[in-house]
Amino acid sequence: MSNRNVKEKTYLGMTYGAAFVSLAVLIMIIGYVFINGYKLLNFDLITHNYTAVTYISDLDEGFVLNNYETQRDFDEDTYYSTKWGLALTDDTDLQGKNVVVVTYVHPDSPLNNLHNKGVGQSIIELKIDYEIIRIAFDGAASALSSRGASLMITTLDDNDDIRELEFATTGGGIRGSIITTLYLIVLTLIFALPIGVGAAIYLNEYAKNNKFNRMLRNFIETLTGVPSIIYGLMGLAVFVPLTIGLTKATTGNIISGAMTLAVILLPVVIRTTEESLKVVPDDYRYASLALGASKTQTVFKVILPNAFSGILTATLLAIGRIIGESAALVFAIGTSIKDDVYLTDRSTSLAVHIWSMMTDEPANFELSSTIALIILMIVLVLNISIKLISKRFMRKYGVLT
Amino acid sequence: MTTIENKKTFEIKNLDLFYGETQALKQIEIPIYEKEVTALIGPSGCGKSTFLRTLNRMNDLVESCKITGDVKYHNENIYAPQMDIIGLRTQVGMVFQKPNPFPMSIYENIAYGPKCQGMKNKQELNQIVEESLKKAALWDEVKNRLKESALSLSGGQQQRLCIARTIAMKPEVILMDEPTSALDPVATAKIEDLIVDLKKDYTIVIVTHNMQQAARISDKTAFFLMGEIIEFGDTNFIFSTPKHKQTENYITGRFG
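Keeping their order, the protein sequence lines are chains P and S. The opening residue of the first sequence carries number 1097 in this note's numbering; numbering runs sequentially from there. The opening residue of the second sequence carries number 425 in this note's numbering; numbering runs sequentially from there.
There could be a bad hint or two in this list.
Stated by the list, open to error - Dumping the calculated DSS-like pairs for lysine-lysine here, alpha-carbon to alpha-carbon at most 25 Å: (1) P:1304 / S:490; (2) P:1391 / S:594; (3) S:431 / P:1397; (4) P:1397 / S:522; (5) S:559 / S:431; (6) S:437 / P:1374; (7) S:496 / S:522; (8) P:1492 / S:539; (9) S:490 / P:1492; (10) S:496 / S:623.
None of these hints come from the bench; they were simulated from the model. Only a predicted model underlies this, so the values are computations on that prediction, with no experimental measurement involved.
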């Protein structure tokens, strides 16, 4: 083999190797997240509240214990007490902890009518999916969830009265964080896109090539390299007080978070849009001007629609950054996970939710992986839908034939 | 000589043009007559396209461009400070070397100019689109696909669309910068026929590298060399009995 041949083979091997390594790393990351996360992935996780409410209750006077027969077929690992009309099973909650879960309550069961010992409404009922934590009896050992559903049912059958029943509504869901993330995406884009695209139009179409504008460009480029946590500090120092002043917010909130994210995104949006404006052929500019169109008409009727796909890329990049950003949001919104999301209240995005899960003791790695999986899916869905929308737009406009 | 009865649309005197330090046009003096085809010929870089672009002030887009002298359009100096440039460009339309339809539908391409001037009436727009396409001999080919992208047309059709787009502005003058240089012979022939046809209604100034084309379609010819006009006159005379040796050499293909 000649020397030249060896050289070419080496270069070819290097490019193939590089492509293989990058692909392998990506697949490994996604695969790792998937393997760790798919077990906890279910619809309840997405729709449920994060906060579980724990109730301590006892039975109202005058209840009747009966033979609550039921026609239902239960799974092997579901245990039913005909005496109390209650079916329990062993399960893991949304965060992966072992719990005893209610699978059925007979309509006439005394457990439908419980007396709340804590704050809140006085009469409460036991519902399906609630977790039983502890059942205490007079003159007998308490049944604890840690010892399993089977033993709990046996103990229930042995007793004729319940002194205290402690149970919790289902928690650990990430509904609030998903809503917050979506709010953040929409709000941030509303702030960042018009300003970013406008600035790009100014720089590319109107700005003269002078010292000031060259400096401005360099400055914007530098801003892309600033760590986001510094923007977070700025958000805390500027946007949080600003939103507190302007709205009824009292702490860091979604609006201040979106403003901070918008500032982080501005350089990205400006740069990407500018690049896409640059590749619009000058022929179109000349043709439009030669037809007696003004500069502004040329920009908005011819140049912008042609730069649309580039602006879309900017949007997609921006959405990726919004979903992925966590450091800046810790300052600008806070880390408290909320179920009822208000624009003017603190809340948490999915990325920060992961951070919270991992700072728990012990760190909940499985749930974090599941959330990561959900984030991946959201990004995928958004990407595909935006691309479809843009294709339709470009067909309609005539950029695509 | 038909020149005596013809009116002058443009009258250019003492025109000098600089790109930065380089002088691109030197002391140009030439009339452009109404409803005639004036061909500008000469080797590449001789200034004929630059001259063409002074007529509708497209050179304004070049930052370093400086112009002195008179370019009179109907006795009005178009480089006067109070000149309405947008108004001028609606009067003096331009067709470029490379077909450059906008990436919009065929209909929108034609309607673009009138819409930019504020025309909103659908019926009027429809009428203009039809008229313009008919004048550009394109109507029969595209009347059933007006909503399709202009980019789906062939190169020759695209160039005729660009001409139709210019006609839609109801201009008086059409400037053409080598309109057939990117086209095949058949499409070129169609455009040439069209130019001869359009002469009835419009004053046309055309830059061309094709000697036969200049001879076939133009009434007047100006020969440019190194930023100067060497010879200007009736096309018949220029091509049969040129006064200058350089003109003769260029026309017969001995240089250029």
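Within a Cα-Cα threshold of 25 Å, do residue 496 (chain S) and residue 522 (chain S) meet the stated pairing?
-> violated, 28 Å
Please work out if residue 1492 (chain P) and residue 539 (chain S) have their alpha carbons no farther apart than 25 Å.
-> Satisfied, since the Cα-Cα distance of roughly 18 Å is no more than 25 Å.
Has the given pair, residue 1304 (chain P) with residue 490 (chain S), been kept, meaning a C-alpha gap of at most 25 Å?
-> Distance ~17 Å between residue 1304 (chain P) and residue 490 (chain S) Cα, so the pair holds.
Taking only the CA atoms, is the gap from residue 1391 (chain P) to residue 594 (chain S) under or equal to 25 Å?
-> Within the cut-off at roughly 21 Å; holds.
Given hint residue 1492 (chain P) paired with residue 490 (chain S) - CA-CA distance at most 25 Å = Violated. Residue 490 (chain S) to residue 1492 (chain P) sits at ~42 Å, over the 25 Å cutoff.
For the pair we were handed, residue 1397 (chain P) and residue 522 (chain S), check the Cα-Cα distance against 25 Å.
-> holds, 21 Å
Pairwise hint evaluation, residue 1397 (chain P) against residue 431 (chain S), where the allowed Cα distance is 25 Å at most = Measuring from Cα to Cα gives roughly 37 Å; hence the hint is violated.
Decide if the proposed pair is consistent with the structure: residue 437 (chain S) and residue 1374 (chain P), CA atoms, cutoff 25 Å inclusive.
-> This hinted pair is violated, its Cα atoms lying about 38 Å apart.
Starting from residue 496 (chain S), check that the Cα of residue 623 (chain S) is at most 25 Å away, please.
-> Holds: residue 496 (chain S) and residue 623 (chain S) sit about 21 Å apart, inside 25 Å.
Agreement of residue 559 (chain S) and residue 431 (chain S) with the hint, judged by alpha carbon distance not exceeding 25 Å = holds, 24 Å
Hints 3, 6, 7, 9 from the earlier list are contradicted by this structure; the remaining hints agree with it.
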